[in-house]
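Taken in sequence, the protein lines are chains A and B. At position 67 of the first sequence the residue is numbered 67 (our numbering), and the sequence of numbers has no breaks. Heads up: take any position in the second sequence, counting from 1, add 1000, and you land on our numbering.
Among the clues, some could well be false.
As a list, the in silico DMTMM-like pairs of lysine to aspartate or glutamate whose alpha-carbon atoms are at most 25 Å apart [said to hold, decoys possible]:
(1) A:Lys30 - B:Glu1120
(2) B:Lys1123 - A:Glu11
(3) B:Lys1022 - B:Glu1055
(4) A:Lys22 - B:Asp1005
(5) B:Lys1210 - B:Glu1254
(6) B:Lys1261 - A:Glu39
(7) B:Lys1022 - B:Asp1048
Calculated from the structure, these hints are not laboratory results.
What follows is the residue order along each chain.
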Amino acid sequence: MCLSIPGKITEVYADGSLIMGKVDFGGVLKEVCLDYVPEAQTGQYVLIHVGFAISVLDEDEAMARMDLVREIENYEEELNSDEIR
Amino acid sequence: MKYVDEYRDPAQVKSLLEEIAKVVSRPWTLMEICGGQTHAFLHHGLDDMLPDEIELVHGPGCPVCVTPLEQIDRALAIAARPEVIFTSYGDMLRVPGSTVDLFNVRAKGGDVRVVYSPLESLKIAQANPDKQVVFFAIGFETTAPANAMAVLQAQKQNIKNFSVVVSHVCVPPAMEAILSSKHNRVQAYLAAGHVCAVMGYHEYPPIAEKYKVPIVVTGFEPVDLLRGVLAAIKQLEAGKAEVENAYERAVTLEGNLPAQKVINTVLQPVDRKWRGIGMIPKSGWGLRPEFESFDAEMRFSVGEIVTQESPLCIAGEILQGIQKPPQCSAFGKECTPSTPLGAPMVSAEGACSAYYRYHREAVFHE
Ligand code: SF4
Chain A
1 MCLSIPGKIT EVYADGSLIM GKVDFGGVLK EVCLDYVPEA QTGQYVLIHV
51 GFAISVLDED EAMARMDLVR EIENYEEELN SDEIR
Chain B
1001 MKYVDEYRDP AQVKSLLEEI AKVVSRPWTL MEICGGQTHA FLHHGLDDML
1051 PDEIELVHGP GCPVCVTPLE QIDRALAIAA RPEVIFTSYG DMLRVPGSTV
1101 DLFNVRAKGG DVRVVYSPLE SLKIAQANPD KQVVFFAIGF ETTAPANAMA
1151 VLQAQKQNIK NFSVVVSHVC VPPAMEAILS SKHNRVQAYL AAGHVCAVMG
1201 YHEYPPIAEK YKVPIVVTGF EPVDLLRGVL AAIKQLEAGK AEVENAYERA
1251 VTLEGNLPAQ KVINTVLQPV DRKWRGIGMI PKSGWGLRPE FESFDAEMRF
1301 SVGEIVTQES PLCIAGEILQ GIQKPPQCSA FGKECTPSTP LGAPMVSAEG
1351 ACSAYYRYHR EAVFHE
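In isolation and in its complexed conformation, chain A is listed as follows (with noise of 0.2 Å):
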């Protein structure tokens, strides 16, 4: 039940009160409730947890979040080896 699963949102829409939206999970499409990521875009990633969005995917920028520690430790493993040697 906690398996969450990223899918594209490819329609915006309102149903009542409710922002729903349809998301596409690799070609298969789905109603989705949108209602709690008010921010959410059409193109933009988002994951879905028994049939609501709970989170958008920042995919940028965890990815430059990832090269930027590695960025890190790569330069701090340089200074450790200076100061050994």
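Chain A is fixed; fit chain B with the ligand onto it per the hints.
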């Protein structure tokens, strides 16, 4: 698919495994809290690929497993009523009550339906005004926003034939309960990434500090899982006990605020009994008094419920990471996915079912 494939990239997995091997210098025991992560570790064989020094023990993060037997029996009694359409997430259907499960109820003529989202349950209620539609609202913080929203919508739209059996549990109190047990073996936690997507991780620093354990927010794909392990091991090796986020793409410190708002509107903290573990104070959510009219257990009186657990099942110890499934004498013998004695053998997040699916040969050749 995008955002999945790159997190299963074998080259990245390999380099993370190498780095973990480089960093680890002595034995450490980590607990992944979420049963979805247990299945992911075993499914991808990552538990076998990790250095021998690292032992994973499996946590209580299986909502189906920790839902108390009394609650299941009460739900079964409600589901069997002729005026009721009982709706539930699919993995609840096979969970054994004292004598039957929801499948048996259905076979005997009960109207039991699987829904993917609680909003579907509301639709069923609207389409069947002459029936009582009941939804089994169980789960951790991940399903709470959806379940709470269904109740809120029922109130807003004045849907009177809808009600819920609520059995919500929360992760942080269980983390504390495990760490304060005298049998505890956990030295670091991989925190459940999707729980944190909803709740953030601001609740964790006091736990990390009090019990001196690193807590690393961890995702579900192989690369995510190994990044979590690596971060935890680095902290352990350095003698640190901090809260760290290794699942940045889905999780922020404060979590999903609109979701938390709806949870707090509809639900309030309550003491909860965890199946196999026992009562943990303030470890769950129940309906607020304003929403009591949607409480199925009040709407349908189900009488005295006498429960009967299998005497062989050691699920409680398994859910606390004290024992592992192969140590249960019934594992794979009296207890299999088609003849489950306990919930961890049924659920797609239960540790016993994970071992049965992915480690059976290893276990049975021992
Ligand atoms: S193998 Fe079956 S009987 Fe043993 S602990 Fe797991 S669910 Fe219970």
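Given pair status - Asp1005 (chain B), Lys22 (chain A), alpha carbons within 25 Å: The hint holds at about 22 Å.
Distance restraint between Lys1123 (chain B) and Glu11 (chain A), which requires alpha-carbon spacing of 25 Å or less: 21 Å, holds
Pair hint Lys1261 (chain B) and Glu39 (chain A), alpha-carbon separation not exceeding 25 Å: Holds, at roughly 16 Å.
Straight-line alpha-carbon gap Lys1022 (chain B) to Glu1055 (chain B), limit 25 Å: At roughly 16 Å apart (the allowed maximum being 25 Å), Glu1055 (chain B) and Lys1022 (chain B) satisfy the hint.
Holds or violated: Lys1022 (chain B) to Asp1048 (chain B), with C-alpha atoms at most 25 Å apart: Judged against 25 Å, a Cα distance of about 17 Å means the pair holds.
Given pair status - Glu1120 (chain B), Lys30 (chain A), alpha carbons within 25 Å: The hint holds at about 12 Å.
Hint consistency between Lys1210 (chain B) and Glu1254 (chain B) [alpha-carbon to alpha-carbon, up to 25 Å]: 21 Å, holds
Hint check: no violations occur; every hint is consistent with the structure.
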